[in-house]
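> Listed here are the chains, written in short residue letters.
Number of protein chains: 2
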Amino acid sequence: MEFNNCINYLLTIAQHAVFVQTSEKLAKYDITPGQYGVLNYLWENGDATPKDLAAALALENSTVSGVLDRMQKKGLIDRRIDEEDRRSVRIALTPKGAALKKDVLQAIEEMNEAVLGAFDKKTAQTLLAALRVIGKSGG
Amino acid sequence: MEFNNCINYLLTIAQHAVFVQTSEKLAKYDITPGQYGVLNYLWENGDATPKDLAAALALENSTVSGVLDRMQKKGLIDRRIDEEDRRSVRIALTPKGAALKKDVLQAIEEMNEAVLGAFDKKTAQTLLAALRVIGKSGG
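Line by line, the protein sequences are chains Z and E.
Per the working numbering, residue 1079 is the first one in the first sequence, and the count goes up by one each step.
Per the working numbering, residue 1079 is the first one in the second sequence, and the count goes up by one each step.
The hints are simulated quantities; they were obtained by calculation from the structure and are not laboratory data.
As the structure is a computational prediction, the values presented were derived from the model and not from experiment.
Don't take each hint at face value.
Chain copies aren't distinguished; within one or between two, either way the pair holds.
Claimed, not checked - Only pairs whose alpha carbons sit at most 30 Å apart, straight line, appear in this in silico DSSO-like list of lysine-lysine:
| hint | residue 1 | residue 2 |
| --- | --- | --- |
| 1 | K1152 | K1199 |
| 2 | K1152 | K1129 |
| 3 | K1151 | K1106 |
| 4 | K1214 | K1200 |
| 5 | K1214 | K1199 |
| 6 | K1214 | K1106 |
| 7 | K1129 | K1180 |
| 8 | K1151 | K1179 |
| 9 | K1151 | K1199 |
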């Protein structure tokens, strides 16, 4: 099988290229694409449990835990005891994490425009829709 | 930005879903998707330097080196001194590595049909073409 016709190969190569571009865009704000994922969820939802974040970002709980450790060290998030269930932890933005919102969303918007700008609007929509379908497949 | 409209998020989720399906298909033959990549290159090209493999698979040299170590332990490939340049190494298939070709290519074909079978032919072609373009972007 030609690599160039294999969906696993093409997705891997494309994901890598876009991950690198996203990382470069975010480096200015000293955050990684995974850390952006956490921030974006918290910007939309206020706070969250680590489990909410793992589900939203399709990551393992252990991976999320490592991401949160690094974000807490950088002062982007805090871990707080849930007042309604004192055995569980909620993740909340610090003022520093909240303040990044506008600039980081702008950077992500620019990355999306740079990548999708290679295609006409209909092709870009077809691509995004197909990726959503594939993302839900196999599980 | 909605995750569901972000090309970095959608590619990551789609790549992960297909990687898992590919891993499951290949588990029967005790190889990983990365090891399949090496085998496929060698089935097509006979033998190769580690550098050829890194370039073809878009991996770091150090990553390829680790993949080759594990493949050599399993008896799928051999490292040989290049007779034309005794400072360099060539990677060659063992009979065991060569013998996997038919069954593994069949498994990869089935994975591609399972993933792309969700789309009509034109959409599948648009998707593959777009991923090739994105894979070459940004570098």
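> Look at each hint and say if it fits the structure.
So, going through the hints one by one against the coordinates:
no.: 1; hint: K1152 / K1199; result: neither (38 Å within a copy, 48 Å between copies)
no.: 2; hint: K1152 / K1129; result: within (21 Å within a copy, 38 Å between copies)
no.: 3; hint: K1151 / K1106; result: within (18 Å within a copy, 43 Å between copies)
no.: 4; hint: K1214 / K1200; result: both (22 Å within a copy, 21 Å between copies)
no.: 5; hint: K1214 / K1199; result: both (23 Å within a copy, 20 Å between copies)
no.: 6; hint: K1214 / K1106; result: between (32 Å within a copy, 24 Å between copies)
no.: 7; hint: K1129 / K1180; result: within (26 Å within a copy, 42 Å between copies)
no.: 8; hint: K1151 / K1179; result: within (19 Å within a copy, 49 Å between copies)
no.: 9; hint: K1151 / K1199; result: neither (41 Å within a copy, 49 Å between copies)
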